[in-house]
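Enquirer: Make the full structure from the sequences, and use the hints.
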Amino acid sequence: MRELYPEIEPLETGMLDVGDGQHIYWEVSGSREGKPVVFLHGGPGGATTPTHRRLFDPSRYRIVLFDQRGCGFSIPHASEPGADLSANTTWHLVADMERLRAHLGIDRWQVFGGSWGSALALAYAQTHPERVTELVLRGIFTLRRQELDWFYEGGASAIFPDHWEDFIAPVPIGERAHLIEAYHRLLSDPDPAVHQAAAIAWSRWESSTITLLPQAETIARFTAPEYATAFARIENHYFRHGGWWDEGQLIRDAERLRAIPAVIVQGRYDMCTPMMTAWDLHRAWPEADLRVIDDAGHAFDEPGILDALIAATDRFAEPGETTMPDETADAGAIAGVVAAESSDDAARYAAEAEEDVADDESGEARTDAAGEAGDADRDADADEDADDDSDADADDDEDGEDDSDDDDNDDDDNDDSDDDDSDDDDDDDDEDDEDDDDDGDDDDEDEDEDEDDDDDDEDEDDDRDDDADDRDESGSVARRGDERKADAPADQ
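When the letters of the sequence shown are read in order and numbered with the numbering used here, they come out as residues -10 to 481.
A portion of the hints provided could be inaccurate.
[Claimed, not checked] So the derived label-pair ranges between C-beta atoms look like this:
| id | residue 1 | residue 2 | range |
| --- | --- | --- | --- |
| 1 | Asp283 | Ser48 | 27 to 35 Å |
| 2 | Pro275 | Gly163 | 22 to 30 Å |
| 3 | Gln135 | Arg257 | 12 to 20 Å |
| 4 | Arg(-9) | Arg257 | 17 to 25 Å |
| 5 | Gly71 | Thr40 | 29 to 37 Å |
| 6 | Pro161 | Pro70 | 17 to 25 Å |
| 7 | Gly144 | Gly94 | 39 to 47 Å |
| 8 | Glu22 | Glu142 | 43 to 51 Å |
No lab work stands behind these hints: they were computed from the structure.
We put the CB at the ideal spot given by N, CA and C, even for glycine.
Expert: This is the structure:
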């Protein structure tokens, strides 16, 4: 059985300003000349940990980790009072990945993701297939209604009736017909006694079921108040909106991945993301190499799963292993064909995501007052208000550049990426892949505001110059990050 590689420290770290007042923590470890790989953590709302670096051979990989919006070491943190999740959607995260890739001067990278990370990896690869060398996926999750109903509306309760009772305990009996919505109301309650208790119950349910055998230490880490609050709030936020994509979209659009070599690792007894989803994905994408682990559940560090994951990363690190053994198609040509379609779809879904979040916020009071009956009313109101919300979004777009400049002034001390400020994420999601690489729109030097936005190479050179200026502080950022995340769950 393969085991984790030895512990390593980051080569560099930073905080990347991605707009909307959001700054994401990132780090690079391993070899500066190694093959680029980006690790996508689970949740959504989890975090990266030092353990995740150890999934890759540090002598052969340039290992990129980052904490997604609102969690881990990224700021603002979703556990904070009054946390605003309106600018936290799948398509914001896809755009963040492109900003980070360009910021680090990476042309193409391997994408590794498990659980929610597999969903984000699929969304990113289907949108930017030309940027992906390989995919390594584990515990496939696509947020289909049947997947959410299984785990959060009663299906898994047949296997874990004891833990299920603890999960539903904070929810009033009259609200248990729709638990995701009921938990949204609890997690949004301003009273810490209410939202924190709900967050811990939500996180305990997941951590009690993700491994084949119970792990008390895992449960303790998941239920730490700060981690649990961000984790539960962000997960619930994404699940209520179905990931901001069409039902079944990630399975349907698997054809866009045919030129990308891939390994799918799935525990047969995964109760969190059951094997049916991995099976459906493999049927839609038979070129992917599906590895079923018969004696495992969901967590990446279960022995059989860990062995298969490291076997995959070792295999893709070898020269000549960038294509599947039976691959005959021109990967670049196929990727180019689907890239335009993918970018158009991403732009559409991003616009819909902004409208959905705005509608959701305007309907909060009605939801709290009307309970389950309010769900239908909110849907109707959302349709009537769509045009108004669109106008509001347009106004927000006009103000986005000024807001981004203000954020830069507040975060100069810990932000090594002032050259990466961009317009709001609606604009980013509408851009094509080349525009996504252009991260220099809001340079803190006034004359850069008049530069040609399409000059990607010059902007990425400026980003790397900023990195060189700020790396003296990167070690302290890494140390603080590791201290904060020392007890964070490594199982997602």
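Enquirer: Next step is simple, just say for each hint if it's right about the structure.
Expert: Consistency of the hints with the structure:
1. In this structure, Asp283 and Ser48 meet the distance hint of 27 to 35 Å, their C-beta atoms being roughly 32 Å apart.
2. Separation of Pro275 from Gly163 is about 47 Å and departs from the stated range, judged on CB atoms against 22 to 30 Å.
3. Restraint check, Gln135 to Arg257: a C-beta distance of roughly 18 Å satisfies the suggested window 12 to 20 Å.
4. In this structure the supplied range 17 to 25 Å holds for Arg(-9) paired with Arg257, their Cβ-Cβ distance being about 19 Å.
5. For the pair Gly71 and Thr40, the supplied restraint of 29 to 37 Å holds, since their beta-carbon distance comes to about 32 Å.
6. Roughly 23 Å separates the CB atoms of Pro161 and Pro70, a value that falls within the hinted 17 to 25 Å.
7. In this structure the supplied range 39 to 47 Å holds for Gly144 paired with Gly94, their Cβ-Cβ distance being about 45 Å.
8. Taking 43 to 51 Å as the suggested C-beta distance range, the pair Glu22 and Glu142 conforms, at roughly 49 Å.
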